[in-house]
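> Below are the chains, spelled out letter by letter.
Protein chains: 2
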Amino acid sequence: MGELAPLRESYSGKRVLVTGGLGFIGSGLVRRLVRMGASVTVIDACFPDQGANLFNLKGVLDEVALVVADIGRVDDISAYIVDQDYVFNLAACISHVGSLRDPLRDLERNCVSQLRFLGALTELSRGARVLYTGSRSQYGSPLYTPMDEEHPLRPVDFNGVHKTAVEEYHRILHGLDKLRFTSLRLTNIYGPRHQMHHDGQGFLNWFIRQALAGQELCVYGDGTQKRDFLYVDDAVEAILLAASDPRCEGKVFNLASGFPVSVAEAAAVICEVSGNSYRCVPYPPDAVAVEPGDIHLDGSRLQELLAWRPRVELREGIEKTLYFYRRHGSRYFHEGKARVDLKAGAMG
Amino acid sequence: MGELAPLRESYSGKRVLVTGGLGFIGSGLVRRLVRMGASVTVIDACFPDQGANLFNLKGVLDEVALVVADIGRVDDISAYIVDQDYVFNLAACISHVGSLRDPLRDLERNCVSQLRFLGALTELSRGARVLYTGSRSQYGSPLYTPMDEEHPLRPVDFNGVHKTAVEEYHRILHGLDKLRFTSLRLTNIYGPRHQMHHDGQGFLNWFIRQALAGQELCVYGDGTQKRDFLYVDDAVEAILLAASDPRCEGKVFNLASGFPVSVAEAAAVICEVSGNSYRCVPYPPDAVAVEPGDIHLDGSRLQELLAWRPRVELREGIEKTLYFYRRHGSRYFHEGKARVDLKAGAMG
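Residue numbers (the numbering used here), protein chains in the order written: chain P, 33 to 380; chain A, 33 to 380.
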């Protein structure tokens with residue numbers, strides 16, 4: 033993908049911190065930021081059940097400062113968060129089902145760690161531009177679709193509550209003039225570098241894993257529930273544009289493609305591209321509790337403000353994703369493998 | 033106040049837990065519940081900067097089980113929270129300015145402790161009727177007045193964020209069929225048994241303290257900012273009615289008088305009754321940040337559902353409050369005194 037000149041101007045030579053920078057979207061940001069000449073620091077806790085993978089930064093790792101630590105451990109990270117121009121605050125624990133099994137862990141990893149981190153950040157990088165990534169799960173079951181930013185926040189799991197609380201921390205600190213924030217509530221993002229060793233996040237990627245394994249895809253319910261899928265490179269571009277645009281400061285936007293498709297349609301595209309088949313199965317009991325029905329975010333406000341549109345259509349995005357994992361799947365399909373890489377520093 | 037027959041029927045012989053039951057509103061609930069023949073357990077952390085005061089339960093202390101513990105210490109309290117019919121979940125840390133000074137403490141005392149408590153409660157009193165008391169501070173600065181329950185939640189301090197998160201915990205557990213909740217977002221409540229040793233909560237009570245000390249009352253700003261004041265006995269009755277009414281289950285309501293008055297008008301009533309005077313002074317810096325302007329909750333939804341109206345008008349409520357503190361002020365004006373009472377168990 034070519035670089036947009038205004039983006040390069042915004043980030044070249046700037047000090048940029050990416051929390052969760054070894055993860056799926058975080059690593060996409062880091063790779064582009066490095067290419068644009070930013071001075072990038074990555075902080076990632078590398079929780080084994082989340083998306084951190086050292087392989088995500090293969091090729092740019094020598095050009096970033098990498099700190100493996102929970103962002104809540106402020107004594108360990110304080111030297112690395114000084115005088116940042118931009119902070120992409122993506123570090124989060126994002127399992128919906130997991131938050132119902134262990135709500136306290138979700139609270140500790142999200143709210144407690146974020147509150148510690150933001151407290152330190154406002155001391156050490158006062159006035160930094162901070163972009164926080166929220167989630168569609170903050171809205172819960174739709175009262176109407178597409179859901180705009182005014183839709184009530186009534187999540188169906190604790191993770192959604194905590195995502196909103198952390199968004200609110202940013203908003204309050206913005207109001208106190210201690211940082212300048214933008215929050216983007218993300219639709220379903222898919223693509224290369226997503227974790228593939230459990231199905232607790234990102235079911236489109238999980239479909240792709242099933243397809244690569246030659247398995248029949250399992251669609252929950254009747255597959256008519258709609259989702260809005262956005263390819264990761266498009267999401268990264270929108271995030272970079274929003275963080276550098278003063279008109280986004282202090283505001284909350286949905287980030288979505290604007291082209292909802294049903295889960296069965298998405299499965300059908302994957303099957304077409306990969307030569308597989310899918311079938312519908314009943315929801316497992318713990319997934320029923322967090323299944324919100326159709327989710328279709330209205331992302332038009334941000335799209336119009338930034339004059340940004342996604343460039344990668346679903347079929348193309350799925351092809352790119354399949355291509356990536358056919359080459360590098362071994363780096364993603366087993367949790368143990370990613371961990372060993374990390375500990376050994378071996379990038380192979 | 034006479035007992036309403038339906039209330040007595042709802043609570044007589046029932047097992048009732050009141051968290052924060054040594055506090056201002058909690059103790060009012062406990063006193064009425066004991067009079068109605070409920071079997072009452074009180075859990076209170078007795079944080080020194082909050083409202084717990086053993087004197088609040090003078091006269092009924094022999095008839096309740098009292099546990100002095102943070103509700104988050106589930107190992108210490110689990111024996112006391114078994115098989116409760118009703119839970120009035122009032123335990124909270126409620127300083128707005130304090131939450132800006134120490135947001136992590138506010139998070140620990142509210143979200144962490146509540147999440148631990150609710151986890152234990154759903155195991156030990158599954159299906160209990162739980163009434164949670166939220167706050168007008170959850171709404172933040174009004175986009176319109178009166179603010180109904182659909183008004184967006186955009187608090188100006190961390191305490192408001194955490195009050196909402198805990199309300200959401202209840203709602204999610206209700207959705208999972210683990211408890212039956214009602215949340216009441218309270219307007220400004222005033223009256224006897226409110227803490228009077230610092231001005232971080234309940235400015236009407238603080239005015240009353242200034243009046244009793246013969247000081248000129250200090251009204252911040254020009255005094256035109258409106259508030260809705262509800263006398264504590266009225267609040268207690270509405271809370272008891274709401275918790276016992278199945279039509280309130282799973283819902284969130286404002287609890288307000290419906291008669292907003294300006295802060296200067298309220299000060300004038302106190303001065304009339306006490307023979308004092310007031311003057312307007314500029315906001316202190318840390319109060320500016322959490323001053324939301326006019327706050328006028330629309331409490332009509334709950335009032336209509338319960339066919340409940342407040343009985344005590346502002347002037348009468350202020351007279352009753354002044355009368356109480358003239359007799360018992362020594363129990364409330366010094367933090368140390370309340371603590372000594374508590375430790376010695378001396379009720380004098």
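A portion of the hints provided could be inaccurate.
For chains that are exact copies, the list does not tell them apart, and a pair is met inside one copy or across any two.
[Stated by the list, open to error] Result set (DSS-like, lysine-lysine): computed pairs, CA atoms no more than 30 Å apart in a straight line: (1) LYS283 / LYS258; (2) LYS352 / LYS90; (3) LYS258 / LYS352; (4) LYS283 / LYS210; (5) LYS210 / LYS352; (6) LYS258 / LYS90; (7) LYS90 / LYS283; (8) LYS352 / LYS283; (9) LYS258 / LYS210; (10) LYS258 / LYS46; (11) LYS210 / LYS90.
Bear in mind the hints are in silico, worked out from the structure with no lab data behind them.
> The structure should be examined with respect to each hint, and the outcome stated for every one.
Do the hints match the structure? See the list:
Proximity of LYS283 to LYS258 under the C-alpha cut-off of 30 Å is found in both arrangements, the shortest distances being 27 Å within a copy and 28 Å between copies. Taking the shortest Cα distances, LYS352 and LYS90 sit within 30 Å of each other inside one copy (18 Å), while across copies they are farther apart (72 Å). In this assembly of identical chains, LYS258 and LYS352 lie within 30 Å of each other by CA distance solely inside one copy; the values are 22 Å within and 59 Å between copies. With identical chains, the CA atoms of LYS283 and LYS210 are at most 30 Å apart within one copy only, with a shortest distance of 15 Å there and 36 Å across copies.
In this assembly of identical chains, the alpha carbons of LYS210 and LYS352 never lie at most 30 Å apart, being 41 Å within a copy and 44 Å across copies at closest. With identical chains, the CA atoms of LYS258 and LYS90 are never at most 30 Å apart, being 34 Å at best within one copy and 59 Å at best between copies. In this homomeric assembly, LYS90 and LYS283 never come within 30 Å of each other (Cα to Cα): the closest approach is 34 Å inside a single copy and 51 Å across copies. Taking CA atoms no more than 30 Å apart as the test, LYS352 paired with LYS283 passes in neither setting, with 32 Å inside one copy and 46 Å between copies.
When the C-alpha separation of LYS258 and LYS210 is checked against a cutoff of 30 Å, the pair qualifies only between copies, where the shortest distance is 29 Å, while the shortest distance within a copy is 39 Å. Within a single copy, LYS258 and LYS46 get their C-alpha atoms no closer than 39 Å, and across copies no closer than 47 Å, so neither meets the 30 Å cut-off. Taking the closest pair of Cα atoms, LYS210 and LYS90 never come within 30 Å of each other, the shortest separation being 35 Å inside a single copy and 46 Å across copies.
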